[in-house]
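S.K.: Here is what each chain is made of, one letter per residue.
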Amino acid sequence: MNLSVNLGKLKLKNPVMTASGTFGYGAEYSEFVNLNNLGAVVVKGLSLNPMAGNPPPRIYETPCGMLNSIGLQNIGVEAFIKEKLPYLKQFDTKIIVNFFGDSIKEYVKTAERLSSVNGIHALEMNISCPNKQAGWSIFGTDPKVTFKVVSAVRKITDLTLIVKLSPNVTDIALMAKVAEDAGADAVSVINTLTGMAINAKTRQPRLANIIGGLSGPAIKPIALRMVWECHKAVRIPIIGMGGIISAEDAIEFLIAGSSAVAIGTANFVNPKAAQDIIDGMKLFMIEEHISNVKELIGRLKC
Amino acid sequence: MLSADNSLDPLLKRPFSLFRWLDKDIQILYRVVGKLTNILKDKKPDDILEIIGPLGNGFPVIKGKARPILIGGGIGSAPLFSLAETIKHKKPIFFIGAKTKKEILYTYALKSIGINPIISTDDGTLGQKGVITNVLREFLTHHSSPITDYCIYACGPRPMLKELTLLSEKFNLKGYIALEENMACGVGACLSCVVNTKNGFKRVCKEGPVFPIEEIVW
Chain L
1 MNLSVNLGKL
11 KLKNPVMTAS
21 GTFGYGAEYS
31 EFVNLNNLGA
41 VVVKGLSLNP
51 MAGNPPPRIY
61 ETPCGMLNSI
71 GLQNIGVEAF
81 IKEKLPYLKQ
91 FDTKIIVNFF
101 GDSIKEYVKT
111 AERLSSVNGI
121 HALEMNISCP
131 NKQAGWSIFG
141 TDPKVTFKVV
151 SAVRKITDLT
161 LIVKLSPNVT
171 DIALMAKVAE
181 DAGADAVSVI
191 NTLTGMAINA
201 KTRQPRLANI
211 IGGLSGPAIK
221 PIALRMVWEC
231 HKAVRIPIIG
241 MGGIISAEDA
251 IEFLIAGSSA
261 VAIGTANFVN
271 PKAAQDIIDG
281 MKLFMIEEHI
291 SNVKELIGRL
301 KC
Chain H
303 MLSADNSLDP
313 LLKRPFSLFR
323 WLDKDIQILY
333 RVVGKLTNIL
343 KDKKPDDILE
353 IIGPLGNGFP
363 VIKGKARPIL
373 IGGGIGSAPL
383 FSLAETIKHK
393 KPIFFIGAKT
403 KKEILYTYAL
413 KSIGINPIIS
423 TDDGTLGQKG
433 VITNVLREFL
443 THHSSPITDY
453 CIYACGPRPM
463 LKELTLLSEK
473 FNLKGYIALE
483 ENMACGVGAC
493 LSCVVNTKNG
503 FKRVCKEGPV
513 FPIEEIVW
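Top line first, the protein sequences correspond to chains L and H.
According to our numbering, the first sequence holds residues 1 to 302 in order.
According to our numbering, the second sequence holds residues 303 to 520 in order.
Below, in silico cross-link-like pairs of lysine to aspartate or glutamate (EDC-like), each with a Cα-Cα straight-line distance of 16 Å or less: (1) H:508 - L:28; (2) H:508 - L:31; (3) L:155 - L:180; (4) L:155 - L:181; (5) L:272 - H:352.
The set of hints was computed from the structure by calculation and includes no laboratory data.
Please work from the sequences and hints to get the whole structure.
M.R.: Quick look at the structure:
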């Protein structure tokens, strides 16, 4: 059975990765999941300097989903390289580092620093966090700015460059195409959808930040649709994510056109979710007489 | 962190404190308030629940002569019983407050280990009428002196803990409080459950749920 897939020049042993922000820096879940078994570990988004994040309450559960407004709390690039990367490097998996900046200059500087150390296999550019101040979102919603920032990072790194797209746009396929034209090796589809919850009795928002990003099974149909639209628009590989809870969910994303999938909120529901999904995928392939997982990618029958 | 089944709604596991940890069992004390606890109340013996734990820290048993004062508010009394059992030789003084008589928990069990709790209810249906922090203030006003030394252990609703922080400052008391926050992973990864402390945000699931009372910034 062949489970390996390619993201540009990066070869994964299987298509299952963890979604940034839901798996810490890897170590947090190592009691539950053998990291050697994962296609890739994508770490919590990093910025040049440490960030404190938003005030609590930061999450609120909604039917079949959750809103979060963590606000990109992170330890910063240098602390990651010094304290977290050495641990992760022991494992036989691909390490993908999610990062972001407050300006094109900062994106470039952060990417440069991350590209200068050994052990990082790919960079995932976050241009789509719903928890940044208004104004920041143009990186992921204004095609001209997206092109500029992705091109600038592309120029300074030889690592596989993944761009994580925002679903909070009119036409995500266009944004995928822009990322491709700017030199991205792959796109992650999708980040969380902006949402809101209110306590009717107190008339207050449930999140201190008022709005947050919606994730979980509630958003799966939207994510699948967006993967499908991007698949038709670009030639670069797509990493599908958004509400994947089971192996069957993951396989649906492959069929819609993803070359790999990322497990996010499901890690919270079941800390062994990523492993369970790999096992379930293998079982599915045996039952359906599929010997190579690539036979599933983009094979929607319609 | 506990889930009752594989349903997608409720989706996330819920954090519970341990009421008691026995040889072969753990006991959880809960109030039926939401989706998960409504499922939980219909569970039967031998039904299977999924639990990750124990997670985080617990109440530290401090050395020295300080007499423990335990303060539980509503269902927040749950994690204090085990502590009371552990430190009963130190003759803890136990304050329990709730909205109404029905929500005053496990006083029978406390009496069985020789602790006679001081009780208050908001509606006056049991014990003194009013919030438990008022009863505690009264107590400290009469029983606190430079030579008496107390250590506070508390868990309960936010306004109660906030008031306790003020009291601990006023009467110069040390102590520990167990906090609750909305939680997603329980293992320190998602950074959902942070509280503001004098040393920045800390995770209730990992650095907590028990914090020194003077550390929290309300």
